[in-house]
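K.L.:
Sequence:
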Amino acid sequence: RKLRAVAGELGKVDPAAMFEALRGKDFQYQYFPSNCLIELDEEPPRDMNEKALDITLILSKMLHASIADEIHTMRKIVTDGSNTSAFQRTALVGRNGYLDTSKGKVSIDNISVEEESAGIVEKQNKYAVYRLDRLGIPLVEIGTGPDIKDPEHAQEVAEKIGMLIRSTGKSQRGIGSTRQDVNVSIRGGNRIEIKGVQELGMIKIMIDNEIQRQKNLIQLPKQIGKVKLREPEEVTGIFDDTKCEFIKKIVKRNGTIYGMVLPNMTGLLGKELCSGKTLGRELADYAVSHGVKGMIHSDEDLKKYKIEPDFEEMSILLKRKENDAVMIIAGDEEALRAINAVKDRLAILIKGIVPKETRAANPDGTTRYTRPLPGSGRMYPETDLKPIKVDKKYLKTLKLPETLEAKAKRYKKIIPKDMVGQILRSEYLEFFENNNKKYDATLIANIITSLLKDLRRNGVKTENITDEHLLQVLDMYKKKTIVKEAIPTVLESIAKNPNLNVSQALDKTGIKSMTEKELDKIIDDVFKNNPKLVEEKKMSALMGDVMKVVRGRISGKIVAKKISERLK
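Take the sequence shown: its letter number 62 is residue 67 in my numbering, and every next letter is one higher.
Hints listed in this document are in silico derivations from the structure and should not be mistaken for laboratory results.
The beta carbon of each residue, even a glycine, is placed where N, CA and C say it ideally should be.
Among these hints, one or two may not hold up.
FRET-style restraints, in silico, Cβ to Cβ [claimed, not checked]: (1) Thr486 with Lys131: 51 to 59 Å; (2) Tyr36 with Lys131: 17 to 25 Å; (3) Gly193 with Lys443: 36 to 44 Å; (4) Thr402 with Asp459: 37 to 45 Å; (5) Asn535 with Arg462: 29 to 37 Å; (6) Lys401 with Lys485: 42 to 50 Å; (7) Asn469 with Gln224: 41 to 49 Å; (8) Asn535 with Glu204: 44 to 52 Å; (9) Glu121 with Lys562: 42 to 50 Å; (10) Lys254 with Gln33: 23 to 31 Å; (11) Thr106 with Gln217: 22 to 30 Å.
With a straight-line Cα cutoff of 30 Å, these simulated BS3-like cross-link-like pairs (lysine-lysine) come out [unchecked claim]: (12) Lys175 with Lys501; (13) Lys200 with Lys56; (14) Lys30 with Lys17; (15) Lys553 with Lys501; (16) Lys257 with Lys324.
All chains, full assembly: derive it from the sequences and hints.
P.N.:
Below, the structure is given as structure tokens:
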């Protein structure tokens, strides 16, 4: 389907919604057996999920927020295709709360319950594909006030909110289940919203880079001076005999190439605005947002494109001066829109203005332009759902979860103290809470805080290891059918073959448990082959030689005990 922007409650069309609608994309949706007519926008919604509302009310109480007497569902206009209806349902539940942090209280402006968007499968210039199995799943949105002091503080606040949510025992787990939208503004700059920061460790890097980007953008007019921008010109004919392969393909399919002079900007396009982000890449993002692959400019290494002669000819045609830069954008009908978007951005750039906009988080800690910043005109009432009156008596019956401080005190009694903080911050907190009495608590903590991290660091896809897999491992360890030393190998095998159960994974590794009688024979052989080590009672060296043979098949404690007894 196609989506279009409509006026919100205040009678205005939101600029972000209009921007998305003007792209004119087709949206395709993958349907799943779990979906129904509501996700297809063919049937009105049912009543709000009561459990989701309860969780939002509990979080509102935990954040000391004022809870609404009556909850009204609104429609937030979204025209990027991620909602089949072109809007996201959202309901404000709590306001004016606060969160205690190491640098003072941070105000909580709003706590809302919302619908999750559809998951993106594929994005192309003219269409996008979404999957509907995620659409409509309840999520909680928590908005902080402008009280966060610095990048480190922002990371602390995000971590504390995440821990608070996990303490309810009702949150999803894994990368992407908690997403931070980070708003950054500096003196002389403007508010920028960075969408979808998924990893806590990236928050400080993202903010530092955004501060640097805005500072450098503000300083650019001093380096450029007073200039007058020129209009883009079509230069397709110059590239008829180009050696550049991808430009050749565009010309062959009757595409268009536009060129533009950037006055007094030679050397500036290759300059870094922040770590890993040049001004040229920044401008190219605006072009990409209108459907082209990017742009080529004169500060780049033109040899790699085999395009130097074409740029020289174009420079003459466009009357480029010595300190001017020059650029091209190539494509089909979207090329003109793209180069005009770059020109409009340049017009703001030469004034030293940082525009309000929404930017997406890149994996390297930089950001890219996606659309203008949404305004207040994107909301209007949901007419298919009645308001929900909040019963004050019912509100009192909602039990708050155990505080993290109380959990920490309890955990210090069953696991090493240095593991407690890591467990409380871990996405596996609920798993630990549910299983630490039935199984070895220290082993569970070690798997969560150390082993899974080590596997992930080595490129193992730990997301393939389910809670059920972990429970099977713990059960086998409890029954002594697997030793602790074999667990890393078995979990790695499961991650690579997620359809296997733990017994099958164990068979695949070839690890078989060993009897103490078999161990005695191996120790005999090691002692026989190393008489000098035995004579000098080199415990660690002998232990190492034995473990080379038996690692993963029998407990290291048993090995150490037997060798120690032999050396007495």
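K.L.:
Failing hints, ascending?
P.N.:
3
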